[in-house]
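Novice: Sequence:
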Amino acid sequence: MLLISLGPSVFWAQRIQAVLTDGVATLMCEAYRFAKSCISTIADVFDDTLVELGQQADGHISMAFPSLSSIRSAQDAGSLLVSGARLHIRAFHFYEDDGLLRRARLIEMYDLACSLINSIASVDQATDYAMYTSESVYRTLNMPASAILRVTWSDLPDQVDLTVGEREYFSSIHVLKRRMIRNNDLNGRTAGVLTQLWRSPQTFKRKRRVFNGQTDPYLEQSSDSTTVMMPNEMDDDINSASEQRKCSVVSAKRGTHAATDLRIRRVLG
1 MLLISLGPSV FWAQRIQAVL TDGVATLMCE AYRFAKSCIS TIADVFDDTL
51 VELGQQADGH ISMAFPSLSS IRSAQDAGSL LVSGARLHIR AFHFYEDDGL
101 LRRARLIEMY DLACSLINSI ASVDQATDYA MYTSESVYRT LNMPASAILR
151 VTWSDLPDQV DLTVGEREYF SSIHVLKRRM IRNNDLNGRT AGVLTQLWRS
201 PQTFKRKRRV FNGQTDPYLE QSSDSTTVMM PNEMDDDINS ASEQRKCSVV
251 SAKRGTHAAT DLRIRRVLG
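Residue numbers (the UniProt record's numbering): 1 to 269.
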């Protein structure tokens, strides 16, 4: 009764959020199983539910957010809220075991991510949406940008539109920069990290020496043994950084002890 009294927009937003929360919790349990054959089926169920809710709630959400009423996409259920929820569900296809099914679903997810960013950027350009909306838009932008980056880094670049993906990826960075108040706030740091990840030669380097289908522009800067940074190499970097931090802590402690000893000697002397 309370939700109904708050208005239809809140009622439908809560229902969409409830489905998303339930879906993420269910898929997380499935993703950590040794066999992940049910991920696609579970994701389809929750995605279909979100699409149905979006169709039912579309008019009410548009009434609450008039600027969204003119923004529509073939893959959206009718609102940015539903599209963002669907993308969170579809992101679990990265955990799929079935190679062929996984590839097909990731291509669909890539298109949805591009469509979502395009819708947000279009609304922002028309209404300054990103400047006045809540901080939840940060996560809504970070998820599709990360999905585009991950698919581009995978073995699927020949099956997706890289030009569209790159354009929407940097559109999300542009919106994050518009939201930023200081360079080191959450939106500013995320925009910087996303930019560095896209431009990093190590991020996109493959064994066949290509960069987004073109000749590797970093060939002269890299040795013959340079390939994609594998998990073991990343672990080594993490361990190295951890050791450096430990050394810094030990040095700081030694400096503190030395200063304390000096003060004690001065008092006793």
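It is worth saying that the hints were derived from the structure and are not from the lab. Be aware that one or more of the hints could be misleading.
Unchecked claim - Have a look at the derived ranges for each label pair, beta carbon to beta carbon:
id : residue 1 : residue 2 : range
1  : M131      : L101      : 35 to 43 Å
2  : A25       : I181      : 14 to 22 Å
3  : T163      : R15       : 33 to 41 Å
4  : S136      : L156      : 24 to 32 Å
5  : C38       : Q196      : 34 to 42 Å
6  : Q125      : D161      : 19 to 27 Å
7  : Q56       : S134      : 18 to 26 Å
8  : R33       : H174      : 38 to 46 Å
9  : P8        : G99       : 13 to 21 Å
10 : N184      : C38       : 40 to 48 Å
11 : T163      : R33       : 13 to 21 Å
All C-beta atoms, glycine included, are put in the ideal place defined by N, C-alpha and C.
Novice: Hint by hint, work out which the structure violates, then give me just those numbers in ascending order.
Specialist: The structure conflicts with hints 2, 9 and 11, although it agrees with all the remaining ones.
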